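Everything in the sequence shown is counted per our numbering, starting at 18 for the first residue and increasing by one.
Derived from the structure by calculation, the hints contain no laboratory data.
Fair warning: this is a prediction, and the values are worked out from it, not measured in the lab.
A virtual CB, placed ideally from N, CA and C, is assigned to each residue, including glycine.
One or more hints might be untrue.
Derived DEER-like restraints, expressed as beta-carbon distance ranges [stated by the list, open to error]:
| hint | residue 1 | residue 2 | range |
| --- | --- | --- | --- |
| 1 | Pro-295 | Arg-599 | 48 to 56 Å |
| 2 | Trp-265 | Lys-522 | 46 to 54 Å |
| 3 | Gly-647 | Asn-270 | 42 to 50 Å |
Each computed SDA-like pair below joins lysine to any residue, with the alpha-carbon atoms no more than 20 Å apart [to be verified]:
| hint | residue 1 | residue 2 |
| --- | --- | --- |
| 4 | Lys-423 | Ala-621 |
| 5 | Lys-385 | Met-504 |
| 6 | Lys-594 | Thr-492 |
| 7 | Lys-39 | Ala-361 |
| 8 | Lys-646 | Ala-621 |
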Amino acid sequence: MSVATLKPSDDVIEYLAAHEKKSMLRFITCGSVDDGKSTLIGRLLYDSKLLYDDQISALESDTKKHGTQGEKIDFALLVDGLAAEREQGITIDVAYRFFSTEKRKFIVADTPGHEQYTRNMATGASTADVAVILVDARRGVLTQTRRHSYIVSLLGIRHIVVAINKMDLVDYSESTFDKIEADYRVFAKDLGFETITCIPMSALEGVNITKQSSETPWYQGSALLPYLETIKVRGALAEKPFRLPVQWVNRPNLDFRGFSGTVASGTIRPGDEIVVLPSAKRSIVKSIVTHDGELTEAHPDMAVTLTLEDEIDISRGDVICAGKAPAEQTDQFAAHLLWMNEEALYPGRQYLLKTANRMIPATVTELKHKINVNTLEHMSGKTLELNEVGFCNFNLAQPIAFDCYKDNRRTGAFILIDRRTNATIGAGMIDFSLRRAKNVHWQDLDVNKNARSSAKHQKPCVLWFTGLSGSGKSTVANLVEKRLHDMGRHTYTLDGDNVRHGLNKDLGFTDADRVENIRRVGETARLMADAGLIVLVSFISPFQSERRMARELLEDGEFIEVYISTPLEVCEQRDVKGLYARARRGEIKNFTGIDSDYEAPENAEIDLNTAEVSAEVAANRIVEYLESKGYLEG
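With the sequences and hints as input, model every part of the structure.
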């Protein structure tokens, strides 16, 4: 076999080896709608000779069908793949593209500019090293430009390219460019960016995309592609302490036990010491196993299985950390939160918080402030609306292992999930653990719930009466308590009106205040049940999520939901306090059943309609239920 026949394969091997050694840069394009983000990426790929002939042919064909640039090629169609995007001429989803030049490999995320798709933009920014923020030269810095700049700052991106696009439509005016650059730098001076590079360009005409253009002789800086090829990004994940969130305990047979997951940060080698959180047990890495065999070391983004020298208890949800630099643990922390749901955030409502490998109940205990994306000033508020950013305190049902987001984007990030719909409704970045989370511990007492309830000869529980105003909740609850009192049982009633004269007198009737109202009452009822009492709670409590939260505060079987399902028209006919009539006239705002929703229970333990049975009969049925379930045995 001749050398000539070997050479082509040698060239391929050399090429692949050189390609493998290239550094990778992830960047995002963002900005306001129709600023030319997709066109920029398409032009970048086209001018870099990174498209195949069939892709160019398809682009030319698509331009004739869907193009918006007349006879010119519509480069946006390379990345706007959804039918809705092509019909509307906008980006909706995040489009990822991989490409490579002689100097570097790239993954670019083309993200939507529309305000309603801000969540998609945040998704693309969460893994990026550089943000290319486009600004239409005709319109200058807009609200969405500021919002996206703040979000990429919040998500840890420290290098910004301000691509002042469509300069061809302002005759490549230097003064226009200078004004936009000055405006942006004034706005962004407190965002913590390490570098801000402003480039005048026309994505459609290819000006300053891959090389400097004669159209802007007054601009002496770099074109976009050379900048991206040479920018040095600090803080690589490989330099961070080792973190491996455990996704799966791998036990294919009795002779093998490994712990599988994707390396979040750092490097690990056989012989390295590790510590497992939350147990704090330590061991030594015995081997690093993959589908293709064992490795001498593992890096970020590699899916591996670790075996250890010692038999220690590790489960999904644990985090394996570097022995000399473990993560922190907390069940209370402060974090920045980007709200992504059309239904507002209510402090006190329970959500699901998901980290890399755990999902646990969580509550926003306090909204410290909101951030105005235009001025960056802090504003007071009780709720977060769609696309707003706030600084919040969180309380978790269980501690988690974490790093501050500024130190590690992988282990300092989380998302919030709505418990009812399973929709992602928020993205958070942990700032720090609250000191009290480390100092406050549950105190074990010698006299416990069992001792207290035994002394009272009853089983503690919470009868949670819910229903519309005028349904008969308080009337029935009062009759039940009288019956129980006559039977010698120990009870207490928490009534909605009575509690608002004391414990909750600072709360109004907005949705946010209703959530906090029920949170406080739920905690109070839990303490009373711990005292061994049968607690009767009579509140409208209109939201399922808060009733669920109250249920989960108690042990199994201690929460009994009593739905007084009297129809709205019957409640209005009764209208003892005249509240419905005033609400219909607009004199009372946020009145449940009129201009504020009531979410009926789906699986209440007891369902009673006082339009069909008398209050006395309803009370008797509740007492009979307690007797049949053993709550009154003593």
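Within a Cα-Cα threshold of 20 Å, do Lys-39 and Ala-361 meet the stated pairing? 45 Å, violated
With a cut-off of 20 Å on the C-alpha distance, tell me whether Lys-385 and Met-504 pass. 48 Å, violated
20 Å limit on alpha-carbon distance, applied to hinted pair Lys-646 and Ala-621: 15 Å, holds
Go ahead and decide if the range 48 to 56 Å is satisfied by the Cβ distance of Pro-295 to Arg-599. 53 Å, holds
Is 46 to 54 Å right for how far apart the beta carbons of Trp-265 and Lys-522 are? Given range 46 to 54 Å: holds, Cβ gap about 51 Å.
With respect to the beta-carbon atoms only, verify the hint that Gly-647 and Asn-270 lie 42 to 50 Å apart. Once the Cβ atoms are compared, 47 Å apart, the range 42 to 50 Å for Asn-270 and Gly-647 holds.
Under the criterion that the straight-line Cα-Cα distance not exceed 20 Å, is the pair Lys-423, Ala-621 satisfied? With Cα atoms ~45 Å apart, Lys-423 and Ala-621 exceed 20 Å; violated.
Within 20 Å, alpha carbon to alpha carbon, are Lys-594 and Thr-492? 14 Å, holds
In the structure shown, a violation is registered for the earlier hints numbered 4, 5, 7, in ascending order.
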